[in-house]
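As a plain string of letters, each chain reads:
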Amino acid sequence: MTNETKSNTGSVASLELINEVQQFLYREARHHDNEEFRDWLDMLTEDIHYWMPYRYQRYRRNEKEPTIMDTAYYNDDMECLVKRIIRTETGTCWSEDPATRSAHVVTNIEVELTENPDEFRVYSLVTVHRNINEDEEHTMLGHRTDLIRRVNGVLKLAKRKIILDQNIFKNKSLNVYL
Amino acid sequence: MSNKKLESDYSRYMDLKEGWVDRRIFWEQEIYEQELEQIFAKAWQFIAHDSMMPNTNDFYTTYMGEDGVIAARQKDGSVKVFLNSCTHRGNKICYADDGNTRNFTCNYHGWAFGTDGELKGLSNEHVYDEGDIDKSKWGLQQARVDSYKGLIFATFDEEAPSLEEFLGDFRWYLDIMLDQDEGGTEFIGGGIKNYVNANWKFGVENFIGDAYHALWTHDSGFKAMNNNEGFPPADPTDSYHASMNGHGWEFGTDGLADIAILGQPKVLEYYEKIRPKMAERLGEMRSKIFGSLASVSLFPNCSFLPGIQTFRVWLPRGPRKFEMRMWTIVNKNMPDEIKQAINIGCMQTFNPAGVLEMDDGENWEGNTTVNKGVVTRKGKLHYGCGINRRIEHEELPGIVYAGQFNDANQRLFYERWADMMNANKWDDVPTRYTPRYAGKKTV
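Protein chains in written order, with our numbering: chain P, 1 to 178; chain R, 1001 to 1443.
None of these hints come from the bench; they were simulated from the model.
Every residue gets a Cβ at the ideal spot worked out from N, C-alpha and C, and that includes glycine.
Check each hint, because a few of them may be wrong.
Stated by the list, open to error - Simulated coverage check for chain P against chain R, where a stretch passes if three residues somewhere in it have a Cβ under 8 angstroms from a Cβ of chain R: (1) 36-48; (2) 62-71.
Said to hold, decoys possible - Chain P regions said to be covered by chain R (calculated; three or more residues, Cβ under 8 angstroms): (3) 92-103; (4) 147-158.
Unchecked claim - Here are some, though not all, of the chain R residues that point toward chain P, as calculated from beta-carbon distances under 7 angstroms: (5) D1097; (6) G1099; (7) G1189; (8) G1190; (9) K1193; (10) N1194; (11) Y1195; (12) S1220; (13) G1221; (14) K1223; (15) N1351; (16) A1353; (17) M1358; (18) G1361; (19) E1362; (20) E1365.
Between the sequences and the hints, there should be enough to build the whole structure, so can you do that?
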């Protein structure tokens, strides 16, 4: 992740902060499941970087970190994300009617303090169960590393890197956010 | 009357004068097996772009039909393509998508093959007596390899015509994408792979000539990328289908529409700047084709969108499933800023999460799965749009039809498909157009 803010490993996040971050992530998941995408956009900072890089299977000796200059499922700033939301609001998004049914399950949440008292590094797992059409079920699992920032007293998502478990993405579409 | 009876003459699965295709070619296992034999074991297929394997011993693994293959860069700069299966008990010898290695060593008994595909050594070789094995005879089966302007192709058929002949006059069109700038092209790093539960031909035929679907299927995605404004009304003026040897390119000539879909104004500006140079290199007509609403497929299973720059293969995984592998193709000489703008715009529109691509897979799965119904799959599908619009064009080679909203390239793809399915040898596969560039350079 192009995440300049270093972890502050000396101190531990308070229970209060952990609780606040958990509630933030659950609320985000609920907005996704309810297709409240404009509410979701409000939870992001203006300089959001939402990134899900490509995945290749490589020998350990050949492993390399993807960069933001490489291929990606998502490599989005706010403008890109707004365009995605516009698609679902056009009234001609045929593949979303009938609507997708999704359940975002967020687990393994870890909160780390950073050098910046208003920024927190947050690790989590998201498991998305997607049910579409008559009977199609897909499960997608993402390992997330977030940078969450307090802006005017409110938590916002500033950066997210999602690493997909699947080498070959096993679905025709990725129409849910991880 | 037997419900199961399949035709042995594959041209009976269509009537291209009436304009229909039989649904069973998108469903039946038996037809699929024949495709593997008659098309994927014979035709030249796209393997990789040169830029994916720049250094000696770089490799990339992929499939020709359902045959797993390894492509590897040799010391002399050439590329070899060989089967990814040990000659001892058959296990895959490479489990990585790409990388760099000196040897491919089988996990089962430790037989080691060089990046040239030759058998180099056996683990615990002393368990073999002298004369048990002649290692020089147990290397990996090699494919024929050739390349066209950065694209590496291979075939397992010794009898196949040269790649140049296989591409034919389609090279004239390919140069619009591959030779618009003297530096040539490269792929952006990495790539996306995903499964779609659809017949592979639905992907190919969509890119070969289906401008029509864009207006309807992609209305929402197009609006998203274009400030909430939809496509302009379908205007067939100065737009065409061109088909040669089953390859097809449908295109307009405004030079703009596909680049605009990227939603990156600086990319439009960049192309406007280089367009005079492009025209000098390729001529006025070809410089206007680039960037217009257009889509392309190479027979049998490789496609791209000039202007949007997505490049992909449709790897068959049975009659009802394919693996899509996709990349972004850019000019080597572009500034990094432009490459990245194309990368972002291309990925936002064309990958499983892309605002246009997301709507395609749903359609193709629907096209395929309905044929589970025995009554359904006895029906025909209509391919008659623009059936009487064939023209001769002074500049455009190949079989040309007027108006890009047309089923011509799809009809001609299925004609080539039937020709190959029926052919006992390559001489039986007819050339159905009059080549203008045989033995000639196209730039």
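Status of each hint after checking the structure:
no.: 1; hint: 36-48; verdict: violated (count 0)
no.: 2; hint: 62-71; verdict: holds (count 6)
no.: 3; hint: 92-103; verdict: holds (count 4)
no.: 4; hint: 147-158; verdict: violated (count 0)
no.: 5; hint: D1097; verdict: holds (4 angstroms)
no.: 6; hint: G1099; verdict: holds (3 angstroms)
no.: 7; hint: G1189; verdict: holds (4 angstroms)
no.: 8; hint: G1190; verdict: holds (4 angstroms)
no.: 9; hint: K1193; verdict: holds (4 angstroms)
no.: 10; hint: N1194; verdict: holds (4 angstroms)
no.: 11; hint: Y1195; verdict: holds (5 angstroms)
no.: 12; hint: S1220; verdict: holds (4 angstroms)
no.: 13; hint: G1221; verdict: holds (6 angstroms)
no.: 14; hint: K1223; verdict: holds (5 angstroms)
no.: 15; hint: N1351; verdict: holds (6 angstroms)
no.: 16; hint: A1353; verdict: holds (4 angstroms)
no.: 17; hint: M1358; verdict: holds (4 angstroms)
no.: 18; hint: G1361; verdict: holds (3 angstroms)
no.: 19; hint: E1362; verdict: holds (4 angstroms)
no.: 20; hint: E1365; verdict: holds (6 angstroms)
The structure fails hints 1, 4 (numbered hints given earlier, in ascending order).
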